[in-house]
Structures are given as structure tokens and as C-alpha cells.
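Chemist: Spelled out, the chains give:
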Amino acid sequence: MPDDTDLDRAAVERLLRTLDHAPPAVTAASVIARARARRTGTWRTRAAAALLLGAGLAGVAWAAPGSPLPRWISDARAALGARPAAEDPASAGETPADDAGIAVEPGSSLVIEFAISDTTSVAITALVDGSEVLVRAPAGAATFTSDARRLIVADVLPRTTIHVGIPRKAPRVELRAAGRRVFLKDGASVVTAVEPMATGVYRIRLGPLAP
Amino acid sequence: MSFRNSPSGGEGASGFDARFTELFEVHFVRVFRLLDRSADDPALAADLAQETFIRLYQRGGVPDAPEAWLISVALNLLRNAMTTRSRRRRLLTPARGAYVHSDASVAPDDALLADESRGRVRAVLDAMPERDRQLLLLSADGYGYRDIAAALHLNAASVGTLLARARRAFRERCDGDLHAG
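Residue numbers (this note's numbering), protein chains in the order written: chain A, 1 to 211; chain B, 1001 to 1181.
It is worth saying that the hints were derived from the structure and are not from the lab.
Since we're looking at a predicted model, the values are computed, not measured.
Glycine included, each C-beta is placed from N, C-alpha and C at the ideal position.
Among the hints, erroneous ones may be present.
Derived list of chain B stretches under chain A, where covered just means 3 residues or more per stretch with a C-beta under 8 Å from a C-beta of chain A [as the list claims (entries may be wrong)]:
hint	region
1	1014-1023
2	1026-1040
3	1054-1068
4	1117-1125
5	1128-1141
6	1155-1169
Which residues of chain A face chain B? A few of them, derived with a C-beta cut under 7 Å, are [said to hold, decoys possible]:
hint	residue
7	LEU19
8	ALA28
9	ALA100
10	THR143
Far from chain B, some chain A residues (derived; all Cβ distances over 10 Å) [said to hold, decoys possible]:
hint	residue
11	SER108
12	GLU132
13	PRO171
14	GLY187
15	ALA193
16	MET197
17	ALA198
All chains should be built: construct the whole structure from the sequences, respecting the hints.
Modeler: This is the structure we're talking about:
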């Protein structure tokens, strides 16, 4: 004799089936092909960006207003300026072209809160040109919500590399993780426990401090 | 879940490709159904379900808990998609769903009733707290308590109780609305 729990389960499943649509006719092979094509395109992009950086052209293009170079060149510059993805286990397999993220005006003060409990994810933080704070992560690896004074990065998957771009002109931007401040830009000064890398970016480990 | 060590596909298929294909064949429809029931947008659900598996393939290795990983990525993708786009009216999609699933010989009145009950179930589901909605959908999709707990950042020991409450509330609300109509 089914109890109430069984009846509830059966009823819920029956009701939910009324919402269903036919699934798409997608094969594993087609998904694999799309993934490979995307990766090939991304690596070509990064190689092209590397060539341009080597020739110094990207620097000129970066500074030129209305540069025709697509946005990914500036992203690749930031990514290549940081620790190479192949050497960074936190970003293995992740590519800027597959990122998702959010851009917000910093206003007079902005707090970026990483609601995170694991210790394997990092934030690659850099001061950038432009007027918006940019926060990016591999698609699906985190969620972003924001209000006027706070940006929350949550549901972060383990071993995720999050890229944070803070405008040089932003009055005050604070990064917090696991309830503690990990980075503060206040006017022209930067306060953080990590030393900047040779490229000027900060590699900040997120999550709670080890006991 | 166990995986064969040798490729199961055609000539040249890598070990990972074979494992990916196995995961895809078992879980793609489940992931699509979860996203479809959550968003009531089969086109979006199809895109996000594929994106979830593209992310898995690009990862280059099978996660320790693949079901929990798939759920987490799918729900994150959905959450980001829903916060960056305005919701379309769902009027067209339920009608399309009714034509897909209904028998061609169903009388027009029956189709209309089915459409109305579907709309009420949709409304009840959308009105639920996000966590309860996700609990219902994941459980109905056959995911175990451990994977649900991992994906929703819950204590595994509490999933059963939370789920029972969510089911009861959903069923009572749906039954009440349907009978009131």
C-alpha cells in the first residue's frame, strides 16, 4: 500500500510531465565536433594575439580609440599577461572565448563578493582601462548577481579561474572572499596580501584561509 | 557508474571520447528535461544542455561526481541566461508542447483543458522558491540525494525532508488550483 510520500512522488512526476517538450535530436558526435571547433578557433585567436603582442601592435591598438581589433584581443592580452593557462591548473582547459561574466559601473564604491568555500579557485585581478568592472569565468562555472553597490560571484565550481578587471579610475573597489577582504583598490593605492606578478596582475587565491 | 577503458566508438575514438559519449547518452536528455522544465523554453534548454556537454568535453576529463557536475553547470548556465534576458511570454510554447504530445484525434476541448492544466502547473512551479523547485525537478529526473545535495550545496541528510515538503506543497497547490478551475 503506497504511503503519502509515494503518492506525492507519483503525483509530482505526473504533473511535471505535462510541462515536457520533445528533446532535440543531438548526438554526442555533434557536440564533440562543436567543442573541438570552438577550441581550435580559440587557440587560433590566442596565437594571433600572441603574434600581435610580440610585434607590439596590440599595444598600439589597445591605446587607439575606436580600435578595430575585436574585444578578444584585449582579453587575450590580459590572459597572456597572466600566468599561462597551460601552467595554471586552476585554469586548465578554460579559454577566454568561452567565458561568461558581467560588467558593472563601479560608482563611488563597489564590493565584489565571492561566495565560495573551496580553496582551489583563484581570481586573476588586474587594473584595466575603461569605465566598467569586468568579472569573467568559464561559462557555467559561476553565477553573477549585482545591485548598486555589490557584485556577488557564487556557485563557483572547484578549480575555477575568475578574471577581474578593475578600472584604474574607479574610486574604490574591494574584493572579498569567505568573509575576508582579499584586495582593495582605494584611489591610487592597492592593498592586498599578494605580490603582483611581473605583468602587474594579482593572482589571488579565493576561499577560506587554512586553519 | 563504470566506464569501459577501451574506446567504444569508431576507429580512432579516444578513451575519453568513449566515456564522454556514454555520459552523453545517459544524461543529455535528463539535463535537457531539467532545463526545459525549469525555463519552459525548449530552444533555450536545448542550447544550454548542449553547452553543458561542450563544457564537459572541454574539461578533458570526467569529474569525480559527473552527475553533480552536470547539474551544477547546467543550473549555473540557466541562472545566468535567465538574468541577462527578459522572459518571453510563454503562450506560444505551451501550445506547441500540446501539439507535440497530444494525440491527433484529441478533441479541441480536451486540448484546451490540457493546455490550461499545464499552465497552472507551470504557474505553481514558477511560484515556488528556487531551491524547492530545483529539488522537485532534480528528484523527478532521477538524480540521487547525494548528487542533489552536491549540486544545491545542501546537507545530504536534509535532502529527503526538504524534498518531501516541497513535493507536498507542490502537489497540494496544483491539486487545489486544478480543482478550483
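Chemist: Decide, hint by hint, whether the structure agrees.
Modeler: Here is what the structure says about each hint:
1. 1014-1023: holds (count 3)
2. 1026-1040: holds (count 7)
3. 1054-1068: holds (count 6)
4. 1117-1125: holds (count 5)
5. 1128-1141: holds (count 4)
6. 1155-1169: Since 3 is at least three, the answer is holds.
7. LEU19: With a minimum Cβ separation of about 5 Å from chain B (threshold 7 Å), the hint on A:LEU19 holds.
8. ALA28: This hint holds: A:ALA28 lies near chain B, its Cβ roughly 4 Å from the closest one there, short of 7 Å.
9. ALA100: holds, 6 Å
10. THR143: Interface hint status for A:THR143: holds (5 Å vs cutoff 7 Å).
11. SER108: About 24 Å separates A:SER108 from the closest Cβ of chain B, which puts it past 10 Å; holds.
12. GLU132: With a cut-off of 10 Å, A:GLU132 remains clear of chain B, as the shortest Cβ separation is near 15 Å.
13. PRO171: For A:PRO171, whose nearest Cβ neighbour in chain B is about 26 Å away, the distance exceeds 10 Å, so it holds.
14. GLY187: holds, 32 Å
15. ALA193: Holds: least Cβ distance 27 Å, greater than 10 Å.
16. MET197: holds, 26 Å
17. ALA198: holds, 28 Å
Consistency note: the structure conflicts with none of the earlier hints.
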